[in-house]
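*Asks:* Chains as they are written, first to last, in my numbering: chain G, 1 to 453; chain V, 1 to 453.
Hints are not guaranteed to be accurate.
[Unchecked claim] Selected chain G positions facing chain V (in silico; Cβ < 8 Å): (1) Glu293; (2) Gly321; (3) Val433.
No lab work stands behind these hints, which were simulated from the structure alone.
Idealized CB from N, CA, C, for every residue including glycine.
Protein chains: 2
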Amino acid sequence: MERSSDYIYATYRIRDGADKLKARAEGIAVGLTVGSWTDLPAAKQESVRQHCGVVDAITVVEPGTGEPGTTLNGATEPGAAADQSTTADGAAGQSAAAQTDTAARTDGPPAATVTADITIGYPAINFTPSFAALLTTVFGKLSMDGVIKLAHLELPASFTDAFPGPKFGVGGIRERLGVYDRPLLMSIFKSCIGNSLDELTAHFTEQALGGADLIKDDEIFFTEAYATPEARVEAYARAAQRAQQETGKQVLYAVNLTGPVFELRDRARRLAALGAGALLLNVYAYGLDVLAELAADPAVSVPILAHPAVSGALYAAPHHGIAADILLGQLLRLAGADVVIYPSPYGSVTLERAVGDRLVNALREPGAQREVLPAPSAGIHPGLVPTLLTDLGTDFIVNAGGGIHGHPDGATAGGRAFLAAIDAAQQSVSLEVAAQDSAPLQRALERWGGAAK
Amino acid sequence: MERSSDYIYATYRIRDGADKLKARAEGIAVGLTVGSWTDLPAAKQESVRQHCGVVDAITVVEPGTGEPGTTLNGATEPGAAADQSTTADGAAGQSAAAQTDTAARTDGPPAATVTADITIGYPAINFTPSFAALLTTVFGKLSMDGVIKLAHLELPASFTDAFPGPKFGVGGIRERLGVYDRPLLMSIFKSCIGNSLDELTAHFTEQALGGADLIKDDEIFFTEAYATPEARVEAYARAAQRAQQETGKQVLYAVNLTGPVFELRDRARRLAALGAGALLLNVYAYGLDVLAELAADPAVSVPILAHPAVSGALYAAPHHGIAADILLGQLLRLAGADVVIYPSPYGSVTLERAVGDRLVNALREPGAQREVLPAPSAGIHPGLVPTLLTDLGTDFIVNAGGGIHGHPDGATAGGRAFLAAIDAAQQSVSLEVAAQDSAPLQRALERWGGAAK
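With these hints in hand, go ahead and build the complete structure from the sequences.
*Replies:* Shown next as structure tokens:
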């Protein structure tokens, strides 16, 4: 069916009785918008109609007694959708959704339990432009309502236009670095906590001499006991300049943005002014609106790297929570991440391949917000680089920690091995052949082998 | 074993090969603290020892080849724990935890998969006093690492002392209301979106005349198209005074705190100054640190009600995410919620009974932070009140929406029915007997019946 640009459409994958789906969907559409419908006077129904949710589709995807792919009902007009919630509307309970459930479960004999996708349209005018409003409405109470996963979100321009999105994106980060024609290399500090500023700066220099384009803090680096973020930014900026004299390459330091939430904006502005190359943000520890407001702030004049910490608590379960491609793809781009770090499909901490593909697609598909650089992470070593290029093309970040620091000859050689691998893969030269001209790559291949099996 | 007050202990329930547990635990202890251990010079090991995590316990709870309840190893000293991570430490991968996993999976023949609880001690000095630091460290990368649920958190005073917790708590809210000897009654607006300020105020008055102690906004009420939060606070304050002339009772209006995240503090202060009775906050949509910083702010001089919206995305899955009693009990109290709304065990949106009990216990057990009022919600009607009192005693909130608005004689009668039920239950008078003197209660019982089956 054709969808209206006046609605935010959310699709939920649920398990419920085949005979409960319609009433449940209608309960959601009313309960999470105007609250009640059938007991409203006709004149009031007319005035609140534009705020009332609609049932867009109910599709059985795994049948009990139902048939797979059967669309039980299509679009309904506001009010029409709500007409069926009569039995639920007066029941005791906090939410109409819950009420429907209660009511339905006491009606008649039990029907087979099925897996179904329910799509609800929520009027966009009900929302203020914030992720809190979005999440509270489309997956607030519902998140607690049994076996239910938020599987798909369709956001109209009337909602998304309020978000400028990434301030730099793919093009902006390439301009900052002056690198246009190859994947970028990001090196992750192996160890941050417990190191002095001098030790950290030495680690930074080792990595910078290897030729990394970006060097990022460990995301768990919160303590400032030995080195404040401000001190790191200043010390690393000097180290980066010295390294550049040797490598001829710029390097951006991504500093972990930490501290009290209401001070993050000031701190982000200050770190940017001090010369930070980028900010690293634990978005799902602090909140999507924090990212969105930092990204929209002109004084936060550096790219923002979104770390996926904590997001697995939301996406990793098969039948609960929010799909990973929504969380780490669609919403991070809308909120303004310039780079999205996510679990690569190559290491041991992985996403299902199809989910990873949808995630990357969400970062890149044509849209009002700039394109985002994907940074698949965990388990990346030089031998994987040809696979990465095949899978992701040119506009992505090779992000490595152990694959750099674990190099037999140290982190500088580790970075060089990656750059040699990137160069070879772009020229369709096998790594084994390229390794004949690159001792670091040769040693890396000896350590970790070639491409993923 | 005796635990040290220098550590934050996190217990994870995982599924993994019986022979992988030790290496995995040790990989976590090192990888999520100092990053590496075995390749450090001895002098450096000494200096970072206080920052290195420890493996506190590994217990098989559901055996494959292991035995149930077997503790595979007990406490280890820092360094001792880390000694085993040698095989993992040099492997490519972003986190030591992931590295261990990878390394372990290539060692020898596969062992039986077991369910196990792993407890890791993280040095408290690694953390700054923020929920972002806490969650990023104890369940950041780990949240993405396969079948894993954060089941238990033990927070030492060195961490929790930084949080003042609830500003009012049970005692403070009772003082505000002058009600000391019975459960409180909270009424939820049935419908907010799409109503004019006059309509909303009329709804408020209806509820206030019923005798509710608190009246709260719908948590999905974000739009300000018809009535800003400020306008509501002022209009309802006047309505509350008028109602008080009739009922003799005070009523607190809990206004939904909405808007851009970096403006929430100013808005909270302003609403408090304007006369709001309390603030309603969608904590898991905005972030725990937002709650913590509002609760710690003297100018936010009103109680804060934590709504559980979105939290189900984190807790509802059986084998992933974070336990509900941690999220809605322990952490909300630490962050400073004065009231915690959570899914009641009585309605259709429910928590497992044991989880609900742990949640309530976390809100009430002796501790440095004030006790919190639990508000079990969804599916509450007057017939359930005796069960609620039996289960929760006196210090809780009877929170109802449909159970008030669905009353055959309207919301005012709905509130009165609840108060009559509370009064009866406290005197151990059956609702049926009490209903002889309370027409509202009689009608409620006709509608919804008595106690839960």
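*Asks:* May I ask which of the numbered hints given earlier this structure violates, with the numbers listed in increasing order?
*Replies:* 3
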